[in-house]
Amino acid sequence: MYPFGYQRIDTPQALKAAQQRQRGEADKAVSYLAGGTTLLDLMKLGTLAPAEILDINGLAHDYGDISWADDELRLGALVRMSAAADHPRIRSDFPVIAQSLDLAASPQIRNMASLGGNVLQRTRCNYFRQTGWTACNKRQPGSGCAAMEGVNRKHAILGVSDHCIAAYPGDFGQALVALEARVDILGFHGTRTLPFHQLHLAPGSEPERETVLLPGELITGFHVPIGPWTRRSLYLKIRDRESYEFALVSAAVAMHLDDNVIRDVRIALGGVATKPWRAHEAEQQLIGRRPDLPAFEAASKVAFAAAVTRPGNRYKVDLGQQTLTRALLQLAEMEV
Amino acid sequence: MSGIHVTTKINGDEVQFVCEADESLLDVLRNRLGLTGAKEGCGTGDCGACSVTVDGRLTCSCLVLGAEVDGHDIGTIEGMAMGDELHPLQKKFIEHAALQCGICTPGFLVAAKALLDHNPEPTETEIRFGLAGNLCRCTGYDKIVRAVQAAAEEMNSAKKIQQKVA
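Protein sequence lines, in the order shown, are assigned to chains A and B. All letters in the first sequence, in the order written, are residues 30 to 365 by our numbering. All letters in the second sequence, in the order written, are residues 206 to 371 by our numbering.
Quick caveat, the hints were computed from the structure, so don't treat them as lab data. One or more of the hints may lead you astray.
[What the hints assert, rightly or not] If you want the footprint, here are the derived chain A segments under chain B, 3+ residues with CB under 8 Å:
#: 1; region: 34-43
#: 2; region: 80-89
#: 3; region: 135-142
From a predicted model like this one, the values you see are computed outputs, not experimental measurements. All residues carry an ideal CB built from backbone N, CA and C; glycine is no exception.
Construct the complete structure from the given sequences, taking the supplied hints into account.
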C-alpha cells in the first residue's frame with residue numbers, strides 16, 4: 030500500500046471538522062473507512078491510493094441503527110450487512126433487502142462491510158482492478174477501455190457507453206432502487222436527501238465519476254418506504270458459483286397483487302448494468318395485467334430491449350430475460 | 206511516521222501495541238505480537254486464512270487496519286484450546302483428517318466456531334454456506350464439513366448432559 034495518514038472520527042463534531050479541513054485541501058484524496066472490504070482491498074492492489082483515511086467506525090452510535098417509522102424502514106449507513114440480513118423484521122417485511130444482503134459476499138465480509146460502503150463498492154472489472162492493464166477510462170480517464178475487445182463475459186449490457194462497460198457489482202443497491210429508497214448524505218453544509226436512484230451515474234463520457242457525492246460528503250443512512258409491495262418482494266441472483274460470487278444477472282422485484290391483478294410492480298436488475306438499474310418500461314407493461322407467464326415473458330423482453338452487447342456478454346440478454354421471468358413467477362406465487 | 210497507539214483485548218488478555226497506519230490487524234498479530242496462527246493467503250479478503258473475531262464477529266484480519274481495533278475484543282485461533290485441551294472442533298478436524306497442508310486450518314477453525322456459536326445445529330448446507338469465505342485446496346471440503354458436523358454433535362450432546370445434571 031502507498032503511505033497514508035490515519036485518523037479516527039468518533040463524534041459528529043470531529044466529522045464536521047474533518048469535512049471543513051477537506052474543503053481547504055480539495056486536491057487531497059481523502060477516503061472514509063467503515064468496513065474496509067473494498068477500500069483496503071483496492072489499496073492493496075494499488076488501484077486506490079488515498080492520502081488520508083478517516084476511520085468513521087466510531088460514529089456507529091449516530092449512524093449504526095436499524096429503526097422503523099410508520100411508513101418506512103431506516104437503515105444507518107454503519108449497519109453491517111449481516112446485521113440487516115439477519116434482522117427478523119427485515120426478513121419478513123422486506124425479503125428483497127434481506128436476500129440481496131444474504132446472497133452477497135462471504136460470512137466474514139458480510140460481518141465487516143457497512144451498508145453505506147456496500148452501495149459504493151467499485152466494479153469488479155478486471156481491467157479496472159488490476160493496474161497492470163493500462164487502458165481503463167475509470168481508473169485513468171482518457172486511457173481507453175480494455176474490456177471492449179477483452180474478456181467481457183461479466184460486463185454490462187445496459188447503461189453502457191463507448192467509454193466504459195463495467196458492471197455495477199452490488200446486490201443491495203438493486204433492492205434499494207426497486208423499493209424507491211432515499212439516501213441521506215451529510216456534507217459540510219448539513220444533510221441532503223436524494224432518491225437512491227439518483228446516487229449513481231451511468232458512465233457516459235466520464236466513467237471516473239460513479240456517484241453524485243461531492244468531496245467530503247458521507248452517506249449516513251437510507252429510508253425505505255413501506256408499501257403494499259414490500260412483503261411480496263424477492264431477490265434472485267444467478268452466478269457461476271452458488272455462493273461468494275458476484276451476479277451474472279440478478280433481479281430485485283416487488284409486487285402488489287390484488288384480486289389476482291398486478292396493481293404495482295417494481296423491477297431492478299443487477300449484474301447487467303453500469304449502475305443499479307430500474308426497468309420502468311417493463312413495469313409499465315405489467316400494471317393492470319394478470320400475473321401469468323406470457324405477461325412476465327413479454328415484460329422481460331422489454332426490460333432488455335435496449336441492451337448493447339459485446340461478443341462475450343451477448344448471452345446476458347437471454348439469461349437476463351429468463352432470470353427476470355423466473356423472479357416474477359416466484360414473486361406471484363409467494364405466500365404473503 | 207509516528208506510530209499509532211492501540212489498546213485492545215486479545216483472547217481475553219489486555220494487549221497494547223504501537224503500529225503504523227498501513228499495517229493490517231493480521232500484520233500486527235503476526236509480526237508484532239507473535240500470534241502466527243492466522244495466515245495470509247490472498248491478503249484481499251477472498252480466502253479466509255486470516256480469520257479472527259472482532260467483538261465476536263468473524264472477520265478477515267487482512268482487511269482490518271491494526272489501528273482500527275482500539276477498544277475492541279479480538280479472538281484468534283491461539284485462544285481456541287483450553288491449555289492442552291483441544292476444542293472439540295480441533296479434535297474432530299484431526300480425527301476426520303480435515304486438513305492436509307494446514308495453511309487454511311486456523312481460519313476454518315475460527316470460522317467454524319463462529320458458525321456454531323451462532324447456529325449450534327447447522328444443516329450440511331448451512332455449514333457449506335457458513336464456511337464459504339474460507340478456501341481449501343487440499344481437502345475438497347467434504348472432510349471439513351463432516352468434522353464440523355461431528356464437533357457440533359459432540360458439543361450439543363455434552364450440553365444436553367450438562368443440562369440434565371443441572
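Here's how the hints hold up against the structure:
1. 34-43: holds (count 3)
2. 80-89: holds (count 3)
3. 135-142: holds (count 6)
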